[in-house]
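Peer 1: Residue-level listing of the chains:
There are 2 protein chains.
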Amino acid sequence: MDATNLKTIVSPKSVAVIGASSRPDSVGMAVFKNILFSGYKGIVYPVNPKAKSILGVRAYSSILEVPDEVDLAVIIVPNTIVSKAVAECGEKKVKGVVVITAGFKEIGEEGLKLERELIEVAKKYGISVIGPNCVGIINTDPEVSLNATFARPFVPKAGSIAFVSQSGAFGVAALEYARKRDISISKFISVGNKADVNENDLLLVLKDDDRTKVILFYLEDLVNPSEFMELSREISEKKPILVIKSGRTLAGARAASSHTGALAGSDEIYNAFFMQAGVIRVDSLEELFDCGVAFSTQPPPKSNRVAIITNAGGPGIVATDTIVKSGAVLANLEDKTKERLSKVLPPTASVENPVDIIGDAKEDRYEAAIKYVLEDPSVDGAVIICTPTVFTDLEAIARTIRDTVPRYGKPVTVSFMGTEDMEKASKILEEAGIPHYIFPEISAKVMAKLCEYGWWIRRPLTSVRKYEDVDKNRVREVIERARKEGRTFLPEPESDEILSAYGFNLPPYSFAKNLDDCLKSAEKIGYPVALKIVSPDILHKVDVEGVKLNIEDGEHLEKAYREMMERVKRNKPDSNIWGVLVQKMVKGGKETIIGMKRDPLFGPVLMFGIGGVYVEAMKDVSFRIAPLRELTAKKMIREIKGFKILEGYRGEPPSDIEAIEECLMRLSQLVCDFEEIEELDINPLMVLEKGKEALVVDARIILKNV
Amino acid sequence: MDATNLKTIVSPKSVAVIGASSRPDSVGMAVFKNILFSGYKGIVYPVNPKAKSILGVRAYSSILEVPDEVDLAVIIVPNTIVSKAVAECGEKKVKGVVVITAGFKEIGEEGLKLERELIEVAKKYGISVIGPNCVGIINTDPEVSLNATFARPFVPKAGSIAFVSQSGAFGVAALEYARKRDISISKFISVGNKADVNENDLLLVLKDDDRTKVILFYLEDLVNPSEFMELSREISEKKPILVIKSGRTLAGARAASSHTGALAGSDEIYNAFFMQAGVIRVDSLEELFDCGVAFSTQPPPKSNRVAIITNAGGPGIVATDTIVKSGAVLANLEDKTKERLSKVLPPTASVENPVDIIGDAKEDRYEAAIKYVLEDPSVDGAVIICTPTVFTDLEAIARTIRDTVPRYGKPVTVSFMGTEDMEKASKILEEAGIPHYIFPEISAKVMAKLCEYGWWIRRPLTSVRKYEDVDKNRVREVIERARKEGRTFLPEPESDEILSAYGFNLPPYSFAKNLDDCLKSAEKIGYPVALKIVSPDILHKVDVEGVKLNIEDGEHLEKAYREMMERVKRNKPDSNIWGVLVQKMVKGGKETIIGMKRDPLFGPVLMFGIGGVYVEAMKDVSFRIAPLRELTAKKMIREIKGFKILEGYRGEPPSDIEAIEECLMRLSQLVCDFEEIEELDINPLMVLEKGKEALVVDARIILKNV
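Chains A and B supply the protein sequences, listed in that same order. Residue numbering for the first sequence follows my numbering, beginning at 1305 and increasing consecutively. Residue numbering for the second sequence follows my numbering, beginning at 1305 and increasing consecutively.
You can take every hint at face value.
If several chains are the same, the list does not tell them apart, and a pair holds so long as it fits within one copy or across any two.
Calculated lysine to any residue pairs in the SDA-like style (CA-CA distance at most 20 Å, straight line): (1) LYS1543 <-> PRO1529; (2) LYS1484 <-> SER1342; (3) LYS1923 <-> GLU1895; (4) LYS1517 <-> GLU1735; (5) LYS1409 <-> SER1654; (6) LYS1923 <-> LYS1945; (7) LYS1356 <-> PRO1328; (8) LYS1417 <-> THR1652; (9) LYS1923 <-> GLY1955; (10) LYS1852 <-> GLY1955; (11) LYS1606 <-> ILE1539; (12) LYS1891 <-> ASN1854; (13) LYS1666 <-> GLU1410; (14) LYS1666 <-> PRO1328; (15) LYS1845 <-> GLY1955; (16) LYS1484 <-> MET1726; (17) LYS1891 <-> LEU1853; (18) LYS1484 <-> LYS1731; (19) LYS1461 <-> GLY1737.
Treat the hints as calculated values from the structure; they're not laboratory data.
So that you can see chain A by itself, here it is in the shape it has in the complex (with noise of 0.2 Å):
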């Protein structure tokens, strides 16, 4: 994609509307009559064999007809001829199209044929397509101001929000709430079934469109996961990206030999990479308006820490659920802030935070709270809240807040709970570019975001660790013995063999053929040793009966190996059994998994969880896409809720958590290195105190089908 060109066909200075129309109610009358009555600056070329003229402006049979250069086309005509306009576009030189007829991909066969079809058309003549199937653009720059969609005539103020929908209908919401809120963009995208211009080649103009401050997203879909996540983690540290990805709970349940496998649904792992790519999701349309407003006007957050400042005590605690329920915390204030501020509150007043200034607050008591509160170093940003009473003056206490909170440099969010003078009131912070919301909900919920967003900022960078202790051959060899026996799963001393050339710690072990063998290897390992059987065709070795712990002696041992012979060959009897695995029992430690899945969007993905049944059973587990980097895997094993288990729990000594972040970052690397293995679950990884390192208990290695 040619980012010069989509940046022209966003700010045209020409457009040409193919398809335009005088029939009331049709899409070509709707297209051509927002662009000629919404104040665009350019020259519209309305395009119709059959009209001599539209709306009074002269038509054109072809587009080959303008006498003039012509930026972008929009096309209305019926599907089966889009690709011929787009053809006569490209003769003419046009810089791009955008297809706002339906009928293709969307439809079935048919109109996939007929979007392949258009593509190689636009291909042919390097114009950039937006659509089809979409809704149309609009660009509030007072040097473009041009609406070429079919939605509501009117354009949206101009303001600094790019909204780019994946979705038509939602795009035309949104711009009937943006409307209703009076809250000002700078671009509407609709990309429709993004044939060719997408969410990639979006980021890349916007991320030089000076009238942006703030991307906000409603996609369906991602066209490639790897360069949106390059895209955004530079774009977010300048401008936000906020994104709805719809289809959260849709996650199809694939086939899966391993555990990671089985918990990794779709949506977990859009929400690692979200994560990961600086993006901030959020739930629904509303809550992209109302973070997108504060995103585009307030500074972000240095840290998490926030303050409440209220005249009622209900709205405070609302704010204050709300905030901590979002993953904020709520600031302590320092000591001097509640002295200064018990000078200036009544005795019944709350110096604590949540600031209650009590019902008869008038704004110099108002303005004495933002001051002292956004003044202590231990806050990061502000809630402030006001319920109208009889003393209060929204409207001076909206000045007070418009001329108070720029002063230091801290983001802030207003509720004022609705009366009379409210829409004067809001007009004034509206104006100041300070966010106001009705609920405290709201407001709290956004100032959360907002630390959300102040985190990744001022992350700390890290980077992906390269180990280069790593025996790469040793692992080529054994995937390539496995490929030339026709195999997928390597049993576990293979799998053992390439987690050891990979850095991994493992207890003492020793592959045993016989009985004799067993016992020789256990006298050498020392008891107590746990014996499990090595087969090819044994997945689950647990359900054949195919593993025996605890044992103690040789005597023991001998009975074991017996009895598991006997039952595997009962339970599974056409297996090919290689022989056993002699492993020493580790003492102590934490169970825990860790595993990867190779998705076929997104690549690699690690999973980490605690381990045994609850792994499955819980769900608690957290998720990311390798390369990991160190904060990546950091945070990915403080994530899970049973995290306070591994930090030494009721008294146990803590275990070694680095051990861990290791183990994945290798894992990280040996995934990346070889595309070769679609699964791996290391479960056990059994986790020792701190200092003690982590041990590969059991794992399992499924390659890809060639």
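Let chain A serve as the given structure and place chain B on it in line with the hints.
Peer 2: Then chain B, alone, in the frame of chain A:
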């Protein structure tokens, strides 16, 4: 509280405004003006010792001067003379007062004194008091039409939603929200400090109020939970009750000696309480009113299977997500329905749920889809979505919905995703009593809440089981013995005795005073056994190394005994050691925990969870308030995430879940019979395979301090 009295107050034939004033911007002016200008059907008397008339209405220097009977007095005089005003109302035989004046309990000691005085006077004269420190009341009944508040001067449209607010600020904000959204209400009551009239009194009034079909509450606390529970269980059968209870995350960490105590935060208890009371809890004021509108017009669904009809993919996905996240399910359409749909829908349509009738759908396609979907017996309710395209005539679709939906007696919610003709279309729906929300997330969420209510009113009715095989005297003896000795902690043999007396199963055990006793007991019980220290001074046996498990024979027993005694004496030298408990080791089974903590407000709160270190780390526990009905016991077990572990996970046999139910119900009976029991943990309750019971392996009982 005299409910008849209160009914008169909220529908008064005459109102005196004590403290009515002609000073602009005063509350006394605002209230009087609101009553006078909002079309009140009764007579309003301004009372002010200094004014001859107010706003042209003859004033009285005292209520005693009013020549006619007065039903209600609204009081706005300064806090110090409110009691005097109430006394005069008493003389005048006024039925009740609404005290708007603030400056009572909420300002501390001095205000509390004034509030007590006020209530004393009111009691003396048998006067009901709403407030003090409240916003007032509104009654939209056309025969009353009263706005006795100081909020914006308008009476909302008469509707069937009653709203009771404990927070004045939220009350005012809610009225504004209702005004903006054009939501009609039946009554608004701001209860302020609830010095006299509280939520329970109002439940009684609203229960019999023919104009009210749904009751909404904003609550910060409950005055008498058990009365609220009783009332709401009864009323919710006919009128849904929805509540915002604020302070969700503020749950203070209270000191507790038991797991149950440590885990039972106040918000979890409130959740359990509302569930048992049949009250639907929501998170925000918007959700409260969004639901209120649907609950007041839609029939409750028979079950929770929801269909979605949409003309665009994206919104259908978003609605699906919300349905699933909110605990309802997507209906599986019957084959017949799909066939019928195929015949009328274009080939690109989706006849699976969500049913996508494609962007060019007109009202005829909506009509057919609604008909076939709502006729399907496996659909309990539907979310209908329309995103306007050039093909859609929203008004025609609204009329179609209006004319079609009511035939099937199933609830629907509608989302027209915002465009020009929306006002008219939504008006059509509104007049037909069909709830409409712009965003499909909200339509879906509200539908899920309707399903929650539908479940409640159709739930199987069960009762509190009464076990007759219990030995109350034995329990009483144990408790009295401890009390006499000044102990509140009952060591294990005593706890075991109490639980045995209430029919709990315990593994064979014996109390032993010395090593010889131990050996004899173990021989009798049979190895392997556990040894546990018994001392009234040792609450946490493990912490002092006072537990030895899996002792295989006499030799090991002796060693374990000596070691344990030595360690315990070292770890806790001054403790009075009674002896040890020898207990047969339980083989197999799953660890669970059940417990009770007596809450000062709610009484005995029962807990259930999966045992082990996970109980506290994962907080995967459920709560209910005793006494426990059968259904409640079933539900609290099934509510935890780890429930699948009990059902038989990964090929393991299912556990004896009925035994847990019985244990919970026996526990409920025990703690209801003996109020002396303050906290109780059975940890672990070892649940064996189905049919093999559950065993109390360890228990701890703490008595109330006297």
